[in-house]
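Colleague: The chain contents come next:
Number of protein chains: 2
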Amino acid sequence: MSYFENFLKANQAYVDLHGTDHLPIKPKTHVAIITCMDARLHVAPALGLALGDAHILRNAGGRVTDDVIRSLVISEQQLGTSEIVVLHHTDCGAQTFTNEEFAQQLQQDLKVDVSDYDFLPFTDIEDSVREDMALLRNSPLIPESITISGAVYDVDTGRVTEVK
Amino acid sequence: MSYFENFLKANQAYVDLHGTDHLPIKPKTHVAIITCMDARLHVAPALGLALGDAHILRNAGGRVTDDVIRSLVISEQQLGTSEIVVLHHTDCGAQTFTNEEFAQQLQQDLKVDVSDYDFLPFTDIEDSVREDMALLRNSPLIPESITISGAVYDVDTGRVTEVK
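Going line by line, the protein sequences match chains A and B. Here the working numbering is used: the first residue of the first sequence is 1383, the next is one more, and so on. Here the working numbering is used: the first residue of the second sequence is 1383, the next is one more, and so on.
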């Protein structure tokens, strides 16, 4: 059983409403948002984004990784963005484990040794936002001219609060 | 000037409509979707997702990287997902450059040597979906029991078409 078939059915209704205008490849607001994969966060309605407005990058935790830097460099140098928003959220899955515990679990369940992996868990959500903003600020691949903001999304209320 | 302030204003209206129900941290459909950061793709409406339905991972191209594997392992082993959808799209920014050209540009504009980086560009979109599905299928961290599908999103029509 695959849920993918349901997505294809739902997409038929979306296509009927979509129209066929060609939007530009470069984001209209010049913003790239890095946030978590969490299912309770729908970034576009939460921030008032229309189609074509902003790049949205998502991984476990909304953490700044090499892959996020790769994506941001493409976003900025190829596609004209000049502003980054780091958006973490309350009740995050990345707050539910430690690397050590998780490595033990994966050794047991998958028979794979990941004892040298960092799965980027965190405890304090504002600290994690500040840490990731600092990683961006200190990257030689992110020019100083890029504006960087940070915020937390509350999954229960939908509210976004700035982190300074 | 920062666009972030506009997002905060738009978010106030979203909060008024959001309600305060607590949704479970585990995605209801047990699906994780890996797709591109492109601004013209709003994943939730395109696939009929409600809040809480599915994990959404996004990077430049929707490529399967170490960071995506990290996120998927957390998604599956901590948060109960058992199905992955790889969703690339037409007119992708990852089709607009080669590593060599991009490295030259970054050397010139940022004075950073990234000649050994792979920015994961691609030419054929169906090939890139199949390549990333194969990376997932061959990862020791993705169990064989996980269902994997692939598809392409058309940014002009909103249509999702399966890739076999």
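What the hints contain is simulated information worked out from the structure, not anything from laboratory work. Some clues are possibly wrong.
Put simply, identical chains are the same to the list, so a pair is met inside one copy or across any two.
Under the rule of at most 30 angstroms between Cα atoms (straight-line distance), these lysine-lysine pairs were calculated in the DSS-like manner [to be verified]:
#1 K1410 - K1493
#2 K1493 - K1408
#3 K1391 - K1546
#4 K1410 - K1546
#5 K1391 - K1493
Predicted, not measured: the structure shown is a model, and the values here were computed from it.
Colleague: None of the hints should be skipped; say for each whether it holds.
Modeller: Each hint, compared with the structure:
1. Taking identical chains as interchangeable, the C-alpha atoms of K1410 and K1493 lie at most 30 angstroms apart only when they sit on different chains, with a minimum of 27 angstroms there against 46 angstroms within one chain.
2. With identical chains, the CA atoms of K1493 and K1408 are at most 30 angstroms apart between copies only, with a shortest distance of 24 angstroms across copies and 44 angstroms within one.
3. For the homomeric pair K1391 and K1546, the shortest alpha-carbon distance between copies (17 angstroms) is at most 30 angstroms, but the shortest distance inside one copy (43 angstroms) is not.
4. In this assembly of identical chains, the alpha carbons of K1410 and K1546 lie at most 30 angstroms apart only when taken from the same copy (25 angstroms versus 33 angstroms across copies).
5. For a Cα distance limit of 30 angstroms, the shortest separation of K1391 from K1493 qualifies neither inside one copy, at 37 angstroms, nor across copies, at 48 angstroms.
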